[in-house]
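Number of protein chains: 2
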Amino acid sequence: MTAYTATVTVRLKRGVLDPEAETTQQALERLGFELSDLRSADRFEVDLDAADAGEAADRADEMAERLLANPTIHDYDVAVAER
Amino acid sequence: MTAYTATVTVRLKRGVLDPEAETTQQALERLGFELSDLRSADRFEVDLDAADAGEAADRADEMAERLLANPTIHDYDVAVAER
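One line per chain: the protein sequences are A and B, in this order.
Residue numbers for the first sequence follow my numbering, so the first one is 59 and each next one is one higher.
Residue numbers for the second sequence follow my numbering, so the first one is 59 and each next one is one higher.
Keep in mind the hints are simulated off the structure, nothing from the lab.
It should be emphasised that the depicted structure is a prediction, and the values quoted were computed from it without experimental measurement.
The beta carbon of each residue, even a glycine, is placed where N, CA and C say it ideally should be.
Keep in mind that the hints are not guaranteed to be accurate.
[As the list claims (entries may be wrong)] Simulated restraints on C-beta separations: (1) 87(B) - 87(A): 37 to 43 Å; (2) 76(B) - 74(A): 23 to 29 Å; (3) 135(A) - 60(B): 21 to 27 Å; (4) 59(A) - 61(B): 39 to 45 Å; (5) 137(B) - 85(A): 17 to 23 Å; (6) 139(A) - 130(B): 26 to 32 Å; (7) 89(B) - 111(A): 20 to 26 Å; (8) 128(A) - 120(B): 30 to 36 Å; (9) 112(B) - 81(A): 24 to 30 Å; (10) 80(B) - 133(A): 21 to 27 Å; (11) 137(B) - 71(A): 21 to 27 Å.
[To be verified] Among chain B residues calculated to face chain A with C-beta under 8 Å, some are: (12) 94; (13) 103; (14) 125.
Next up, chain A with everything else stripped away, as it sits in the complex (with noise of 0.2 Å):
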């Protein structure tokens, strides 16, 4: 068993409405930033030992699947490192 890092990328869909990102962009532009875009996203980084990489990143992409992300609205990524 080796032990891994996964970090697990939570975004919103395309055109799902991300209200914190906007207020947080008005917020910068007030403080004189000049921005085109901003996108806000949940990350999660879950220590886990697996047999190898590979095993790791099915673990933490039934992890995202079942309770990180709610598949309606978000896409996902997973990126495994070892420990």
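Based on these hints, arrange chain B on the given structure of chain A.
Chain B in isolation, oriented as in the chain A frame:
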């Protein structure tokens, strides 16, 4: 001017309690997943135009300092990529 996307990742500092991450970890364990730790972070993807990658990173850094992160409880890092 070139179009860049600056990704700002904002994490709680070590030692700062993260009840959301703890609850998420417990929920995953209740679903039968084995994991040794889970940390959550916020990720902001900022689209901006800048003369070069260094300027884009500097501006994203200032956005983090002034609004996106709270230096008392957060660490952050900035990564810049051409769009």
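Structure-based check of all given hints:
no., hint, verdict
1, 87(B) - 87(A): 37 to 43 Å, "holds (42 Å)"
2, 76(B) - 74(A): 23 to 29 Å, "holds (25 Å)"
3, 135(A) - 60(B): 21 to 27 Å, "holds (25 Å)"
4, 59(A) - 61(B): 39 to 45 Å, "holds (44 Å)"
5, 137(B) - 85(A): 17 to 23 Å, "holds (22 Å)"
6, 139(A) - 130(B): 26 to 32 Å, "holds (29 Å)"
7, 89(B) - 111(A): 20 to 26 Å, "holds (22 Å)"
8, 128(A) - 120(B): 30 to 36 Å, "holds (33 Å)"
9, 112(B) - 81(A): 24 to 30 Å, "holds (29 Å)"
10, 80(B) - 133(A): 21 to 27 Å, "holds (25 Å)"
11, 137(B) - 71(A): 21 to 27 Å, "holds (23 Å)"
12, 94, "holds (5 Å)"
13, 103, "holds (5 Å)"
14, 125, "holds (6 Å)"
Of the hints listed earlier, there is not a single one the structure fails to meet.
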